[in-house]
Amino acid sequence: MIDPRAPRFTAGITAVLLLVTIVLSFAFPTDPQTELSARILSPAFLLLAVLSALFLWGATAGVKRHPFGWLFRTLVRPRLAPPAELEDPKPPTFAQLVGFVVTLAGLVLGALGVPYAVTIFASLAFVAAFLNSVFGYCIGCQLYLLLVRARPVSRRT
1 MIDPRAPRFT AGITAVLLLV TIVLSFAFPT DPQTELSARI LSPAFLLLAV LSALFLWGAT
61 AGVKRHPFGW LFRTLVRPRL APPAELEDPK PPTFAQLVGF VVTLAGLVLG ALGVPYAVTI
121 FASLAFVAAF LNSVFGYCIG CQLYLLLVRA RPVSRRT
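Using our numbering, you'd call the opening residue of the sequence shown number 1 and step up by one each time.
Some hints could be false.
As the list claims (entries may be wrong) - Derived DEER-like restraints, expressed as beta-carbon distance ranges: (1) Ala81 <-> Leu36: 18 to 26 Å; (2) Phe28 <-> Arg79: 36 to 44 Å; (3) Thr60 <-> Ile139: 17 to 25 Å; (4) Met1 <-> Leu112: 38 to 46 Å; (5) Ile40 <-> Thr74: 27 to 35 Å.
Rather than coming from a laboratory, the hints here were simulated on the basis of the structure.
Ideal placement from N, C-alpha and C gives every residue a C-beta, glycine not left out.
Required output: the full structure, derived from the provided sequences and hints.
Shown next, in the form of structure tokens:
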């Protein structure tokens, strides 16, 4: 079980970094006709790659082992009152997988030269991270719950 404030803290850091990615994509635009090496060495692409790796880390190692989760446990949680309740880590872990898929799509399409792919997919991920950090609405968690509910019921009771 995890402190429900930890995913919101992580989402806040992620939202800020995604916003920086979006700003960098406009500040240093890449022409789709440029060579692959120039496209993948753009600042926005590199930052999105780092964020994608962090999403993969959270999806595979779990949110308890995520670097931003460690920051929360080490620097923030000791200064807060204990949480009123704890939550299951599975939905936020699945949300990390969703974030990885979205950012990976932006990286792949950006590397292939699709115009504004990094900007568009970073923006999609930003909206999700912003909703989670500010309003506590986790889109990836909601997708997880929908998938759990849609799973066929076993014949065994």
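Here's how the hints hold up against the structure:
1. Remark: the range hint 18 to 26 Å for Ala81 to Leu36 is contradicted by a beta-carbon distance near 51 Å.
2. In this structure the hint that Phe28 and Arg79 lie 36 to 44 Å apart at CB holds, the actual value being about 37 Å.
3. Hint check: Thr60 to Ile139, Cβ distance near 20 Å, so the stated range 17 to 25 Å holds.
4. Separated by about 41 Å at the C-beta atoms, Met1 and Leu112 satisfy the suggested range of 38 to 46 Å.
5. For the pair Ile40 and Thr74, the supplied restraint of 27 to 35 Å holds, since their beta-carbon distance comes to about 33 Å.
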